[in-house]
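S.K.: One-letter residues, chain by chain:
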Amino acid sequence: MTTMHSPALEAPARPRRRWPKPTLLIGLALLLVLIFAALFPRVLAPFSPTDFDYEALLKGPSAKHPFGTDNFGRDVLSRVIYGTRVDMQIAIFTTLFPFIFGTLLGALTGYLGRWSDAIVGRIADLVVVFPFLVLVIAIVAVLGPGLTNMYIAVSAVGWVSYWRLTRGEVMNQKKAEYAQAGKVLGYSPSRILLRHLLPNAVTPAIVYLMTDMSLGILLGASLGYLGLGAQPPTPEWGVMVADGKNFMATAWWISTFPGLALTLAGVTFSLIGDGLADALRPRA
Amino acid sequence: MTTPLLKVRDLNVRIPTPGGLLHAVRGVNFDLMPGEVLGLVGESGSGKSVTLRSLIRLHRPPIGMTGTVEYGGQNLLNASESKLRDVRGGQISMIFQEPMSALNPVLTVGEQIRENLLEHKGLRGKAAQDRATELLDLTGIPSPKARLSDYPHQFSGGMRQRAMIAIALASDPQLLLADEPTTALDVTIQDQILRLLLRLREELHMSVILVTHDLGVVAQTCDRVAVMYGGRLVETAGVNDLFHAPKHAYTLGLMRSLPGAGEHRQPLQPIPGGPPDLRSLPPGCPFAPRCEYVTDECRGTEPPLLEVAPERFSACVHYTELPALKSTLEEVNA
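First to last, the protein sequences are chains A and W.
Heads up: the first sequence at position 234 corresponds to 234 in UniProt numbering, and the numbers run straight through without jumps.
Heads up: the second sequence at position 75 corresponds to 75 in UniProt numbering, and the numbers run straight through without jumps.
Do not take every clue at face value.
Below are the DSS-like pairs computed for lysine-lysine, each with C-alpha atoms no more than 30 Å apart in a straight line [unchecked claim]: (1) 145(W) - 126(W); (2) 121(W) - 145(W); (3) 175(A) - 121(W); (4) 64(A) - 175(A); (5) 175(A) - 83(W); (6) 7(W) - 145(W).
Across the chosen pairs, the derived CB separations fall in these ranges [what the hints assert, rightly or not]: (7) 121(A) - 7(W): 40 to 50 Å; (8) 118(A) - 15(W): 20 to 30 Å; (9) 279(W) - 118(A): 20 to 30 Å; (10) 121(A) - 75(W): 34 to 44 Å; (11) 20(W) - 118(A): 43 to 53 Å; (12) 125(W) - 138(A): 27 to 37 Å; (13) 187(W) - 188(A): 36 to 46 Å; (14) 100(A) - 17(W): 36 to 46 Å; (15) 29(A) - 19(W): 38 to 48 Å; (16) 118(A) - 19(W): 42 to 52 Å; (17) 156(W) - 122(A): 41 to 51 Å; (18) 321(W) - 188(A): 23 to 33 Å.
Calculated directly from the structure, the hints in this document are not laboratory data.
Here a beta-carbon is modelled for each residue, glycine too, at the ideal position from N, C-alpha and C.
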């Protein structure tokens, strides 16, 4: 065996680092901008988002107000920037709760199977027979409008996708030999599930999480637009689009810029989702 | 005579399938002595892997297991789950055919060894790290300390099997179950792994049950051989006796279908037909439809496994008629 200690084997060659694709890099760069705007709106915004300026009502884009002003004379640029914080919060909370809940439940029922899987499966069927938005609106209508109730409604509906993804993957992974090996080594079922199966099964759910964030932002904006999500005068992009809709013919900038911000955020998360799907794809 | 480490009596495994009940293991009996290497050989579908897995009760309902597997004065087939978890990995470890899929791809090799050390030895921190290094070194992996932080995909096939063995040995088991541990490896690596197993058996005083379909592997490593056919043991013998003079027509057929090397080259004689369907076995000897020595006696009732010579058991009616083989261990090994 001494011959095996050759210098070539002493330092094993590391696989060369794979650089992420441009989609992921662009997405991450945009995300940095969004995060910065969400954390430090004061630095970027020239005005307060709620200060009225009766000298400048419905003014178009200018050097002082690059995105113009709305019907109360509030600076649209500042409101869009401050809106980032609210909409990022919406993106996170409308996906994080369903992600955690759905993934853990999926891991559990995928591993246990049998009656637990059957029961949760029927509940999931019950949830998905309704169109997503309709069910969310119905639940918010019952609980009352506002961001907190919106998070509750989205969590009650959104867990199903994560449950399905994780359940299927865990069912797959538990047949793998390393899961058998864990059993052979005398590990407890909870250890096998949480330490061995879940990390191998969570990738699809993470990729979906990024896609879902762009949907979450759109959902939050839709509900804000309908008056069921964030309430005025909160600078939320959907609310702002709704505020400006009556002035579309005369003051297009009030709705257009928050709309563009929404699009940008959606594109950001989609790019990251695509990039992650590619980067996390299991390699042989 | 020392007491056996493991006593298997009347082991039966029944697997329900859409096509009917599959009686995969039918009344298997054997003893395993401390320090002994027992080879379990047979064709695909003869029940050898199913037998191995039922020794530590890996089958779950609806698969049914009856009989006794006595280990340390306890029947593992009706032991409690927690007792069983102590035995599994702690006293009886297992290694698999496909070392890539048997290692968790998202944990480093070191993490996987330390996990077993924590679970069964209560070692953590520096002590676990040192022991893990020792184990990798023991299995002949160069610069073990550095390789601990590698992931399984950074290991070659043979190294993965070594890592798998290191994990299995972390708990100082009394018995190692090896399910075709070298089938997925190329021949030179296969040889290294088998030598490693033999060396570890000596150093750690453990017993090994080796499941394989490769008689060359058996000749090289085992003390005793149990030949399985149709879910039953049809012959058990010391490895030398078995290769010199098989006492079962099926074993003879296996030997003849083995390519020899050296000067005594002979045409291969394959066994005609395929393994029996365990859902609808013919009455009598399961090998009868493929056997060249078959007589009416074979077709009536299934011949039992009887002691035909000291320490030799056979379930063949015609064992006295079988020719001795000229092949020696050295030739099979060559």
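S.K.: Now, for every hint given, state plainly whether the structure supports it.
M.R.: Hints, verified against the model:
Restraint check: the Cα-Cα separation between residue 145(W) and residue 126(W) comes to about 12 Å, which is no more than 30 Å; the hinted pair holds. Restraint check for residue 121(W) and residue 145(W): the C-alpha separation of about 20 Å stays at or below 30 Å, so the hint holds. About 27 Å separates the Cα atoms of residue 175(A) and residue 121(W), which keeps this hinted pair within 30 Å; it holds. Among the hinted pairs, residue 64(A) with residue 175(A) is inconsistent with the structure: their alpha-carbon atoms are about 64 Å apart, more than 30 Å.
Proposed proximity of residue 175(A) and residue 83(W) is supported: the alpha carbons are some 24 Å apart, at most 30 Å. Taking the CA atoms of residue 7(W) and residue 145(W), the gap is near 39 Å; set against the 30 Å cutoff, the hint is violated. For residue 121(A) paired with residue 7(W), a C-beta distance near 44 Å keeps the hint of 40 to 50 Å intact. The hinted window of 20 to 30 Å between residue 118(A) and residue 15(W) holds, with their beta carbons roughly 23 Å apart.
Against the hinted window of 20 to 30 Å, the Cβ-Cβ separation of residue 279(W) and residue 118(A) comes to about 29 Å, which satisfies the hint. Here the CB-CB span from residue 121(A) to residue 75(W) is close to 38 Å, well matched to the stated 34 to 44 Å. Between residue 20(W) and residue 118(A), the C-beta spacing of about 26 Å breaks the proposed range 43 to 53 Å. Distance hint check: the CB atoms of residue 125(W) and residue 138(A) are about 54 Å apart, inconsistent with the given range 27 to 37 Å.
In this structure the supplied range 36 to 46 Å holds for residue 187(W) paired with residue 188(A), their Cβ-Cβ distance being about 39 Å. Distance hint for residue 100(A) and residue 17(W): a CB-CB separation of about 39 Å, consistent with the stated range 36 to 46 Å. At roughly 59 Å, the beta-carbon separation of residue 29(A) and residue 19(W) lies outside the given 38 to 48 Å, and the hint is violated. Checked against the hint of 42 to 52 Å, the C-beta distance between residue 118(A) and residue 19(W) comes to roughly 25 Å, which is inconsistent with it.
The supplied range of 41 to 51 Å is met by residue 156(W) and residue 122(A), whose beta-carbon atoms lie about 47 Å from each other. Taken as a hint, the range 23 to 33 Å is violated for the pair residue 321(W) and residue 188(A), whose Cβ atoms sit roughly 54 Å apart.
Hints 4, 6, 11, 12, 15, 16 and 18 from the earlier list are contradicted by this structure; the remaining hints agree with it.
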